[in-house]
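Undergrad: Each chain is listed here by its residues.
Number of protein chains: 2
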Amino acid sequence: MPDPSPASLHVHIQNPAGETLFPITRAQWDQAVARAGAAGQALTVSIADDDAGFSTAMARADLLITWTKEIKARFPHTAPRLKWVMATSAGLDRLAPFDMIPPPVRLLNNSGAHAVKAGEWGVMAVLMIANRIPTLTTAQREGRWQPIFTRSVAGRTVVVVGLGDLGGSIAANCSLLGMRVIGCSARGAPHPACERVVTSENLDTVLPGADVLVLAMPLTAATQGMITRGMLSLLPLHAGVVNIARGAVIDQDALCDMLEAGRLSGAVLDVFTPEPIPMGHRLWRTPNLVISPHVSSDDPDTYNPRTLDIFFRNLVAWRAGEAMPNEVDRTRGY
Amino acid sequence: MPDPSPASLHVHIQNPAGETLFPITRAQWDQAVARAGAAGQALTVSIADDDAGFSTAMARADLLITWTKEIKARFPHTAPRLKWVMATSAGLDRLAPFDMIPPPVRLLNNSGAHAVKAGEWGVMAVLMIANRIPTLTTAQREGRWQPIFTRSVAGRTVVVVGLGDLGGSIAANCSLLGMRVIGCSARGAPHPACERVVTSENLDTVLPGADVLVLAMPLTAATQGMITRGMLSLLPLHAGVVNIARGAVIDQDALCDMLEAGRLSGAVLDVFTPEPIPMGHRLWRTPNLVISPHVSSDDPDTYNPRTLDIFFRNLVAWRAGEAMPNEVDRTRGY
Numbered sequence: 001m002p003d004p005s006p007a008s009l010h011v012h013i014q015n016p017a018g019e020t021l022f023p024i025t026r027a028q029w030d031q032a033v034a035r036a037g038a039a040g041q042a043l044t045v046s047i048a049d050d051d052a053g054f055s056t057a058m059a060r061a062d063l064l065i066t067w068t069k070e071i072k073a074r075f076p077h078t079a080p081r082l083k084w085v086m087a088t089s090a091g092l093d094r095l096a097p098f099d100m101i102p103p104p105v106r107l108l109n110n111s112g113a114h115a116v117k118a119g120e121w122g123v124m125a126v127l128m129i130a131n132r133i134p135t136l137t138t139a140q141r142e143g144r145w146q147p148i149f150t151r152s153v154a155g156r157t158v159v160v161v162g163l164g165d166l167g168g169s170i171a172a173n174c175s176l177l178g179m180r181v182i183g184c185s186a187r188g189a190p191h192p193a194c195e196r197v198v199t200s201e202n203l204d205t206v207l208p209g210a211d212v213l214v215l216a217m218p219l220t221a222a223t224q225g226m227i228t229r230g231m232l233s234l235l236p237l238h239a240g241v242v243n244i245a246r247g248a249v250i251d252q253d254a255l256c257d258m259l260e261a262g263r264l265s266g267a268v269l270d271v272f273t274p275e276p277i278p279m280g281h282r283l284w285r286t287p288n289l290v291i292s293p294h295v296s297s298d299d300p301d302t303y304n305p306r307t308l309d310i311f312f313r314n315l316v317a318w319r320a321g322e323a324m325p326n327e328v329d330r331t332r333g334y
Numbered sequence: 001m002p003d004p005s006p007a008s009l010h011v012h013i014q015n016p017a018g019e020t021l022f023p024i025t026r027a028q029w030d031q032a033v034a035r036a037g038a039a040g041q042a043l044t045v046s047i048a049d050d051d052a053g054f055s056t057a058m059a060r061a062d063l064l065i066t067w068t069k070e071i072k073a074r075f076p077h078t079a080p081r082l083k084w085v086m087a088t089s090a091g092l093d094r095l096a097p098f099d100m101i102p103p104p105v106r107l108l109n110n111s112g113a114h115a116v117k118a119g120e121w122g123v124m125a126v127l128m129i130a131n132r133i134p135t136l137t138t139a140q141r142e143g144r145w146q147p148i149f150t151r152s153v154a155g156r157t158v159v160v161v162g163l164g165d166l167g168g169s170i171a172a173n174c175s176l177l178g179m180r181v182i183g184c185s186a187r188g189a190p191h192p193a194c195e196r197v198v199t200s201e202n203l204d205t206v207l208p209g210a211d212v213l214v215l216a217m218p219l220t221a222a223t224q225g226m227i228t229r230g231m232l233s234l235l236p237l238h239a240g241v242v243n244i245a246r247g248a249v250i251d252q253d254a255l256c257d258m259l260e261a262g263r264l265s266g267a268v269l270d271v272f273t274p275e276p277i278p279m280g281h282r283l284w285r286t287p288n289l290v291i292s293p294h295v296s297s298d299d300p301d302t303y304n305p306r307t308l309d310i311f312f313r314n315l316v317a318w319r320a321g322e323a324m325p326n327e328v329d330r331t332r333g334y
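Chains as they are written, first to last, in the numbering used here: chain A, 1 to 334; chain B, 1 to 334.
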């Protein structure tokens, strides 16, 4: 590989060793460069999945694209030219408080890569709650024919907590089906798919009117354990819960208790505490629950192309001296 | 009850004895009359759920609204003034060849009452197939954490067989999510939600390109057993099957064999042979299958209001001497 000219940037991509589903390939990089037009010029790229490749690259890399778990395992590391690091996850909670990569190195997430897939999964999960699929699969497990007639979702209310990449897309799809969408976010800013948006402090005021509660917020110090037993108790009896955020945003044992007691109608969960769910864990025995093993948002066909397009969008902003749309605010945690 | 004047019509509503979820009430009738405006004038109504009430009403009723199973159990019956009978089901396959109510009495179905609910259930089932929920619930049943990453449905192909009330609404919702929808119907007439529509004879030509096959056709002599083992073998390995039609349209044992062998990725079924599924039936043990106990299309909040609105729509047409939109063609069977 030729030494980059002084005007060029060295981009390093570190794949996890043994990654078979989602490694970023040279062909994917070349295609993204072609899509990026002018932004793809004056770049040198290296791709590795081993320790030696990483160390060699860090001696000269300006920009790094890698997995959250790789950042966690490999940093702090000497990287004298490193300007910013893009993680391929939407939520970087596992890296907080981010001190393995101190400033001035900047840290970017991958928000935007998951919207289409997560939006589809989310509206599916909402429809599954409304159609009582968690209860029907519990009956099926026990060989019981148990007809339950349910109302249409059109006109019913879904409360979506977190209106980023994932939650915003779920809100939009629920709205397409004629649902009334109430959003909840840290600042309560308006959102085009939501009839209204409340701040986190006012979440309790909208829960009694919710038919479905969707959790799609980042895991931060502020959202850790945010959905307490008391919060869940504000939901009506027929309501259900969807979690596409992180297991730690909710009191999981309270949720299991309430599903067992019939105090909530059902849950469709993609995230858990811990993951993978250990053998014999109570979640495997909890009725009225559908378990999705953290697969809601990652489309193997489109994930890397979208990740690289997001990289180039941020590169353009950075070169122009503008704010990078995916830069993580280390204080708020996302 | 006063005798109806010569210009008025006597409408009788016969609810099944003991029906608790869906009996048509006097209040629902009165509200429908109010919505119907002029069409609700000059009508006398009687409502019963017993033998005596039925026999008394049949001596003078002009029009009858009742359940398919009631028609099957109570006719032939003397009913000298009866002009037409509206059944509250969309599919009247259980009454074919309809000889218990011979012409000139006309027979109407309830197509139109199920569109919203069935459309929501159908797009949910399509998303469940695409997200491999049938396989994930099988893994959950066995306490196995088995991540399977799946592609977005946007741009993928769903083949919808039957484009009536149910299939048309499912096609429209799939189209909203960016899916490519290919329809299939007896005559192959174009449909606004479908990229193209093939006739039943050409269904085999589109199955190899299907990601999901949705069955929503009426059960008739022509569709009985239409989805054979050979037809299912034309689907790609990753495809799945949704059935909201009737159990008898498909070779159910072939489907179970293929789900067990991993020859299809999954199925979400609302209808079966027989119903209810007996204890110990192989369906309860079939992997990669989600069982919904024939509850996809009946919304207890809206079913009767929509049924009565459809009744009045047909009444207006009949009084004007026009074709009634819900009249069953006894020869084709729907």
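Incorrect hints may appear among the rest.
What the hints assert, rightly or not - Some chain A residues flagged as far from chain B (calculated, every beta-carbon gap over 12 Å): (1) 27; (2) 97; (3) 321.
Claimed, not checked - Ranges between beta-carbon positions, derived for each pair: (4) 154(A) to 18(B): 40 to 46 Å; (5) 42(A) to 230(B): 40 to 46 Å; (6) 42(A) to 260(B): 52 to 58 Å; (7) 31(A) to 202(B): 32 to 38 Å.
These aren't lab readings, by the way, just hints derived from the structure by calculation.
Every residue, glycine too, gets a C-beta built ideally from N, C-alpha and C.
Undergrad: Evaluate each hint against the coordinates.
TA: Hint-by-hint comparison with the structure:
no., hint, verdict
1, 27, "holds (18 Å)"
2, 97, "holds (29 Å)"
3, 321, "holds (35 Å)"
4, 154(A) to 18(B): 40 to 46 Å, "violated (30 Å)"
5, 42(A) to 230(B): 40 to 46 Å, "violated (58 Å)"
6, 42(A) to 260(B): 52 to 58 Å, "holds (56 Å)"
7, 31(A) to 202(B): 32 to 38 Å, "holds (37 Å)"
The structure fails to meet hints 4 and 5 from the earlier list, while all remaining hints are met.
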